[in-house]
Amino acid sequence: MDAIQLIAGLTPLGLALGAAMADTGVSAPASLSTSVLLFGASAQLVAVSLLGAGAGVLSTLATITAVNTRLFVYSAVLRNTLGLQPRWFRWAGPYLLVDPLFAIVKVREPELPDVESVRTYYLVTGLALWFAWQPIVALGLFAGPLLPDGLSMEFAGPALFLTMLIPAIRTVAAFTAATAGAVTMILLPELPAGFALLAAGLAGAAAASLGARWRTLR
Amino acid sequence: MTEFATLIAAGVITWALRASFISVGPGWQFPPLVEELLNNGRFAIIAALATSAIVASGDGSLLDIPAAWLIGGAVATAAALSFRNIAWPMVAGIGAVWVLSFAGL
Chain A
0 MDAIQLIAGL
10 TPLGLALGAA
20 MADTGVSAPA
30 SLSTSVLLFG
40 ASAQLVAVSL
50 LGAGAGVLST
60 LATITAVNTR
70 LFVYSAVLRN
80 TLGLQPRWFR
90 WAGPYLLVDP
100 LFAIVKVREP
110 ELPDVESVRT
120 YYLVTGLALW
130 FAWQPIVALG
140 LFAGPLLPDG
150 LSMEFAGPAL
160 FLTMLIPAIR
170 TVAAFTAATA
180 GAVTMILLPE
190 LPAGFALLAA
200 GLAGAAAASL
210 GARWRTLR
Chain B
0 MTEFATLIAA
10 GVITWALRAS
20 FISVGPGWQF
30 PPLVEELLNN
40 GRFAIIAALA
50 TSAIVASGDG
60 SLLDIPAAWL
70 IGGAVATAAA
80 LSFRNIAWPM
90 VAGIGAVWVL
100 SFAGL
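Protein sequences, first through last, are from chains A and B.
Residue numbers for the first sequence follow numbering that gives the first Met the number 0, beginning at 0 and rising by one.
Residue numbers for the second sequence follow numbering that gives the first Met the number 0, beginning at 0 and rising by one.
Reference excerpt, derived from the structure (chain B facing chain A, CB under 8 Å, subset only):
id, residue
1, T1
2, I7
3, L16
4, N38
5, G40
6, I44
7, T50
8, I53
9, V54
10, G72
11, L80
12, V96
The list that follows gives simulated cross-link-like pairs (lysine to any residue, SDA-like), each with its CA atoms no further than 20 Å apart:
id, chain 1, residue 1, chain 2, residue 2
13, A, K105, B, F29
14, A, K105, B, S22
15, A, K105, B, N84
16, A, K105, B, G24
17, A, K105, B, A18
Hint data in this document are derived by calculation from the structure and do not stem from the laboratory.
A virtual CB, placed ideally from N, CA and C, is assigned to each residue, including glycine.
Using the sequences provided together with the hints, build the complete structure.
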């Protein structure tokens, strides 16, 4: 059920991504290969945009690394949950780790009774997302440019992040972290995207921790 | 050919970032403060992703964000609070942006 809802939510984003990649001038096979090789909307768009603009190999790789640094944080957060899995899973499973899967696994984690249930949930949801993502992006790539201007799918990205974030905020610390992260992002528009995200993550986490200590002292 | 080689290298880097801590497996712990920062930092990162996408809709300034996007964001947030699932808030938010865009906002 979660996978179906996630796919429904990701569909506009995938269509928008495909349509945006069609505008870059990069060949369709190269654009489509990013869905397999990178499997993540922001990294895919950045990669194809940079290649389309004629950026060098090193600058492209550095930018994609910066954009994907949040995956490093996700991996650290999930290490207790997924680190207990068998070795094959610990090496292959992370390939499926994307923003919505991370968010939903953190929401469902308390309800999953054991290691096997976590593995099954992660794999079923992650593979469903992967198999749905490929044709959705392809459809966007080929049909997206035909959509009228008014039916833009660009709002799908922020809408998806908002709908993942809001239900997950259940504590004052989470609210404080989210607010501080958003404010930091607004205050640091000049930083490269990946570094700004890391700064926002650090600022949000620090604000939440300081707030918790302040409430304890009171 | 260089295009595909670059994309393959980017894929390897992306997988390495994803697998970094998970592949190490159990048996070691962060200090409690780092643990606390990691747990709270994830909310900040997702909020920052949403914020950057919304701010980027204008010319990078808060004042340039289209009104339809601001209202669409509010509608998506309200729907997320009401339904606590993913599909309906997405439909409500994007639908609101479409309607308002057609209305000229």
